[in-house]
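Peer 1: Each protein sequence line maps, in turn, to chains B and A.
Numbering-wise (my numbering), the first sequence opens with residue 2 and increments by one.
Numbering-wise (my numbering), the second sequence opens with residue 2 and increments by one.
Hints may contain errors.
Note that the list lumps identical chains together, so a pair holds whenever it fits in one copy or between two copies.
[To be verified] List of simulated lysine-lysine pairs, BS3-like, C-alpha gap at most 25 Å:
| id | residue 1 | residue 2 |
| --- | --- | --- |
| 1 | Lys9 | Lys87 |
| 2 | Lys645 | Lys200 |
| 3 | Lys32 | Lys48 |
| 4 | Lys127 | Lys629 |
| 5 | Lys573 | Lys55 |
| 6 | Lys127 | Lys573 |
| 7 | Lys286 | Lys127 |
| 8 | Lys573 | Lys366 |
| 9 | Lys629 | Lys639 |
| 10 | Lys87 | Lys495 |
| 11 | Lys452 | Lys629 |
Because the hints were derived from the structure by calculation, they are not lab data.
Being a predicted model, the structure only gives us computed values, none of them experimental.
Protein chains: 2
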Amino acid sequence: MFLDMFLKVAGAASIAALLFVVYLARQVLSKPQGTERMAFLSTQIQKGAAAFLKREYTWVSGFVLVIMLFFVVLGMVKPDLALNWKTAVSFLAGSVASACAGVVGMWIATRANARTAAAAEHSGVKGALDIAISGGAVMGMAVVGISLLGLVIIYKIFDGNPTIVNGYAMGASLVALFGRSGGGIFTKGADMGADLVGKVEAGIPEDDPRNPAVIADNVGDNVGDVAGLGADLLESYVEAIIAPLAVASIMFAANPGTTEFVRSFPFFVAAIGIFASIIGVMYVKLFAKNNPQSALMNGTYISAVLAIIGVFAYTWLRGEGFTLEGVAYGKFGPAIACVVGIIAGMVVGFVSEYFTSGSYRPVQKLAEGCQTGPAIAVTNGTAVGMQSTALPVLVLAIAVMVAAHYAGVYGVAIAALGMLATTGMVVAVDAYGPIADNAGGIAEMAHMDPKVRHITDNLDAVGNTTAAIGKGFAIGSAAFAAIGLLSAFMLSAKVTEVSIADPHILAGLLIGAMMPFFFSSLLFGAVGRCADTMIQEVRRQFREIPGLREGLEGVHPDSTTCVSIATQGAIKGMLLPGGLAIVFPLIIGLSPLGSAGLAGMLVGAIATGVMLGIQTANSGGAMDNAKKYIEEGNFGGKGSEAHKAAVVGDTVGDPLKDTVGPSINILIKLMCVIALVLAPLFAG
Amino acid sequence: MFLDMFLKVAGAASIAALLFVVYLARQVLSKPQGTERMAFLSTQIQKGAAAFLKREYTWVSGFVLVIMLFFVVLGMVKPDLALNWKTAVSFLAGSVASACAGVVGMWIATRANARTAAAAEHSGVKGALDIAISGGAVMGMAVVGISLLGLVIIYKIFDGNPTIVNGYAMGASLVALFGRSGGGIFTKGADMGADLVGKVEAGIPEDDPRNPAVIADNVGDNVGDVAGLGADLLESYVEAIIAPLAVASIMFAANPGTTEFVRSFPFFVAAIGIFASIIGVMYVKLFAKNNPQSALMNGTYISAVLAIIGVFAYTWLRGEGFTLEGVAYGKFGPAIACVVGIIAGMVVGFVSEYFTSGSYRPVQKLAEGCQTGPAIAVTNGTAVGMQSTALPVLVLAIAVMVAAHYAGVYGVAIAALGMLATTGMVVAVDAYGPIADNAGGIAEMAHMDPKVRHITDNLDAVGNTTAAIGKGFAIGSAAFAAIGLLSAFMLSAKVTEVSIADPHILAGLLIGAMMPFFFSSLLFGAVGRCADTMIQEVRRQFREIPGLREGLEGVHPDSTTCVSIATQGAIKGMLLPGGLAIVFPLIIGLSPLGSAGLAGMLVGAIATGVMLGIQTANSGGAMDNAKKYIEEGNFGGKGSEAHKAAVVGDTVGDPLKDTVGPSINILIKLMCVIALVLAPLFAG
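Build out the structure end to end from the sequences listed, making use of the hints.
Peer 2: Set out below in structure tokens:
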């Protein structure tokens with residue numbers, strides 16, 4: 002009953018989150034959209050985004066059906082594995098939850114954009130910030146609300162059976178993979194296409210309405226940074242709850258004397274995190290002055306501190322010690338692990354900011370180096386990203402050690418959950434960025450007063466910083482979530498006794514370490530092909546539509562074709578890497594390498610995946626901001642040789658930070674969760 | 002006595018190698034140097050190279066002394082660890098052996114260059130090839146001859162005690178690390194400096210005598226590709242012999258019934274490999290027609306086949322089964338592992354060639370993509386390198402499994418040795434490249450007949466292919482050698498029982514996985530700073546030396562200053578990364594992470610190091626050859642937009658393939674060998 006109570010608490014928290022979503026959404030929609038032209042542009046973006054999501058989810062449904070079929074058949078062929086239609090149902094629920102959160106988030110984000118621009122015109126920074134953060138918070142709270150509610154229902158129906166419940170995380174992970182990689186290909190294919198022809202060849206400014214690829218570019222920001230990011234963190238969130246539950250249920254099976262505290266704790270952390278996030282969002286809405294940066298940061302801190310207080314209070318009241326693999330741990334162990342996770346997440350985020358913000362040395366030096374030409378720009382940008390791996394990894398390593406010291410493998414899993422407790426707030430702050438960015442695009446295309454663009458640029462710049470922190474956070478949490486899942490997999494596949502010197506593990510490790518590299522190369526290829534088709538199309542339109550280049554009244558580019566090119570490129574490009582990520586763990590697990598080899602593979606994939614993830618995100622972010630730093634007038638400003646070099650650097654960095662990096666996060670989590678779900682198959 | 006006999010055989014083989022070195026060197030030196038101008042240029046390169054080596058070795062001696070002192074003090078403070086002055090002596094011997102091989106190789110390479118150019122003028126392709134390959138073979142045979150002789154002596158004096166003998170490999174590894182990273186910084190700092198001002202700003206051709214940095218660039222080719230590569234493969238070679246010896250002696254200690262066959266086998270493989278290499282070199286010298294490519298490839302095949310035949314014949318005559326960790330293995334186990342290693346090395350090499358040669362799709366597509374601009378060129382180049390990791394890694398994983406199946410951990414170590422058995426031949430073919438390249442540089446600077454440049458370009462192009470194969474080989478062998486050392490370390494530190502789920506291992510793994518990234522960022526930084534200083538200096542000379550840019554008779558640039566800038570940049574740049582590589586394993590081993598954490602760290606470093614090593618080498622190689630492919634007249638040829646983009650790609654790729662990639666090879670080996678040597682310290 003104790004556990005039951007906490008299912009109810011978590012369920013109530015998730016419903017509270019959803020009510021908050023409704024409240025915020027109504028507030029956003031009640032605001033004016035601005036001029037007819039603005040409404041028209043916003044509608045175009047909405048249509049493009051909806052069209053993409055529809056096609057993407059159609060394809061993903063195919064994968065979902067095949068995998069469900071796999072479970073159903075497996076249940077009939079090998080009934081003793083306990084992998085059957087129930088896992089299929091749970092898997093379906095996870096994928097539907099992720100898809101719903103994506104639809105809700107996109108729906109509001111593509112409606113908040115014009116309204117943010119209109120608010121900037123009428124009520125300045127504060128008004129615009131309010132709409133942008135409300136729009137972001139709809140996404141954030143939808144992510145945690147929908148996913149937690151679904152999980153509670155599945156957990157309740159199937160009585161917490163991990164073989165079934167884990168399927169929920171796998172569903173969320175699958176949708177996230179396609180969301181991130183498809184969205185990433187879309188956004189960068191469109192962006193590179195728009196920039197390379199528009200800015201470079203035709204010499205027209207960014208977001209110019211004459212450029213046929215601009216709408217696709219704006220759609221891409223929503224597709225990649227809103228839906229993609231949301232699906233990514235939703236997955237981490239679900240997995241961070243699932244992993245300690247899986248460990249706890251294995252503990253419980255081995256030692257029925259284990260208290261229910263460890264089983265209820267993950268639900269409690271999730272619940273307290275939701276309330277903490279709601280308060281954080283409300284703080285930003287109510288107390289933001291003209292400094293959006295500090296408002297957003299303070300909101301984030303407030304929710305983190307509240308979550309910590311809640312976790313300790315609960316532990317103080319109800320915590321109990323427990324035994325895991327023969328070691329006894331104190332009652333505060335999980336709470337400490339949780340705090341360690343929260344702190345580690347923040348540190349990783351700050352390091353990302355240090356290496357990618359124009360306010361610090363690394364980006365300034367990078368901008369300075371741009372004066373020597375594009376090759377040096379790219380080389381230095383790569384170096385900055387590589388350098389930025391050191392601190393986060395040390396922090397992660399220390400966090401793993403500390404969490405394990407206080408609560409064993411369970412603690413490692415809980416640390417991941419701690420990091421993700423305030424996911425609602427983190428996603429809100431993160432999704433705010435693309436809304437502000439889109440608002441700027443609409444302001445430009447609708448020829449609004451330059452002061453509007455100035456405000457939205459200001460909001461966007463803050464959004465870039467918070468996005469960098471968010472990306473660091475996404476990687477850190479992905480690493481932790483993956484380690485948690487890995488631990489759960491090894492416990493349930495009983496490979497904890499396998500030595501690191503085992504050749505199966507070594508072979509698996511090499512293959513796993515290779516996966517993120519190979520996967521990245523496929524994504525790069527897809528982005529390149531998509532951008533290439535886009536470039537041809539934009540060139541064609543400039544050539545064949547009379548008066549387009551000159552900007553004659555009434556001549557509009559054919560944006561729809563560009564959106565559908567990006568959509569096609571994204572769908573085509575995501576199938577192979579996505580399929581490989583699903584099939585590889587299965588192949589390795591069933592091969593002579595077996596469970597041990599699969600464990601090695603996961604370890605290898607985490608090792609290179611985390612590093613590549615950090616490096617690509619920060620290299621890309623640093624090059625982007627080095628360009629912006631030059632555009633502010635440093636080292637010659639816009640149009641100088643340094644600026645040209647920085648543009649090349651930025652173009653190289655774009656797919657790194659927006660396609661490859663985020664997709665790798667999901668790759669490693671997905672492979673771990675597939676291994677965990679299929680563990681009975683490989684053990685059998 | 003059986004083992005003693007094989008020490009004698011190995012000693013005899015190494016003396017044969019050294020006699021062959023003397024024979025080849027005399028032959029090279031007997032050839033004419035060409036005109037006075039050519040001799041002058043050659044002398045300048047010789048002086049520059051000698052000056053660099055002198056400064057480098059002076060600094061390295063400092064490190065060597067400190068480490069020797071460390072062992073001596075350790076022996077006095079903790080006498081029971083058996084790490085004392087004896088290990089210090091062995092360590093010194095290893096570093097001296099590597100330094101000697103470097104000096105001999107550089108000495109001859111910087112003398113063979115002008116003679117190759119002169120031979121090209123007088124006796125065409127065949128004559129030039131003969132000198133270039135003889136020069137390369139001096140390096141190759143010196144590497145194997147000196148290192149094996151030193152090892153045999155140390156092994157004999159200290160009765161094969163692994164705690165002492167392992168120090169020899171550590172010495173070789175230390176010199177290699179500084180040789181590779183220092184040499185890599187030198188060569189790319191000079192190259193980028195020469196190209197960016199010379200070709201791009203001043204608009205003068207490559208290797209133009211007016212460019213003050215050209216001599217430094219040519220010195221760099223020798224420093225990086227001859228001395229650096231030699232030290233790299235010397236290290237792998239020594240470690241590939243040491244690792245199975247360490248495993249064998251642990252086996253012997255655990256089970257004195259183990260036959261001496263497993264202890265003599267590594268020496269026999271080394272000896273047979275030397276004779277096979279001599280025959281391979283002689284084949285190239287005697288039977289090369291006008292097709293240098295096929296001559297070099299056939300020579301390589303011949304030595305590999307001879308080595309295989311020798312190994313099997315010996316096993317057939319004297320092989321005996323053995324028991325390791327409770328498992329019995331057949332007498333042909335080690336021979337099979339050896340062949341697996343040889344084949345894996347070849348496959349990895351061929352994959353490198355496929356991805357980096359202009360004759361195949363990847364580079365051609367890369368060249369095509371250059372038409373879209375520099376950003377796409379760099380992105381696609383990165384993607385090609387990432388894609389190229391897949392096959393080599395699968396091959397390595399399979400090789401590890403097969404070798405372990407037939408001969409356990411011993412087999413994994415022996416596979417590494419198999420791959421390196423014909424190191425003499427591999428280095429000969431590899432060092433041939435820079436000699437041909439230098440010959441071309443001298444031909445250009447001495448204004449020789451264009452046909453000479455045509456011949457040397459042809460030889461150089463072949464050299465690029467063989468260098469790509471050699472680099473693949475170096476990475477493959479480094480991976481294998483590192484795995485062999487890791488296995489030996491885990492056996493001797495008794496961490497074979499530690500589970501992969503242990504948080505110490507996970508934390509160590511994350512830190513280890515980060516090392517190659519952080520190390521790379523330091524090297525990138527050093528190359529960038531070195532190139533930057535070089536650029537300032539070249540600009541200064543063009544500005545301040547009257548008549549230099551116009552090429553007035555009698556006006557010479559101040560090459561010496563450029564050489565010393567590169568030298569300083571290299572020395573300064575190598576100290577921090579080199580120091581970190583040495584200190585990190587020590588810190589981790591002594592920290593709470595302990596031996597288990599150190600094992601995790603090594604595994605992590607191997608995982609990311611191998612991938613980054615392959616990616617950087619092949620990305621760099623592919624971008625280089627894409628540029629050359631365009632220069633052959635494709636996609637607009639020289640001067641086109643595609644060519645400009647390809648030049649940017651090539652400049653980005655240069656430090657990847659010549660500084661970062663090769664240094665990472667050594668980083669992972671050095672950390673493994675330090676762990677192995679210091680294992681008693683961490684266990685104690």
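Peer 1: Taking the hints in turn, state whether each one holds.
Peer 2: Hint check results:
1. Lys9 with Lys87: Cα proximity of Lys9 and Lys87: one copy only (22 Å, versus 69 Å across).
2. Lys645 with Lys200: both (11 Å within a copy, 19 Å between copies)
3. Lys32 with Lys48: within (20 Å within a copy, 77 Å between copies)
4. Lys127 with Lys629: within (24 Å within a copy, 56 Å between copies)
5. Lys573 with Lys55: within (15 Å within a copy, 57 Å between copies)
6. Lys127 with Lys573: neither (42 Å within a copy, 51 Å between copies)
7. Lys286 with Lys127: within (9 Å within a copy, 80 Å between copies)
8. Lys573 with Lys366: between (39 Å within a copy, 19 Å between copies)
9. Lys629 with Lys639: within (9 Å within a copy, 33 Å between copies)
10. Lys87 with Lys495: within (23 Å within a copy, 45 Å between copies)
11. Lys452 with Lys629: within (19 Å within a copy, 50 Å between copies)
Violated hint for the displayed structure: number 6, the only one.
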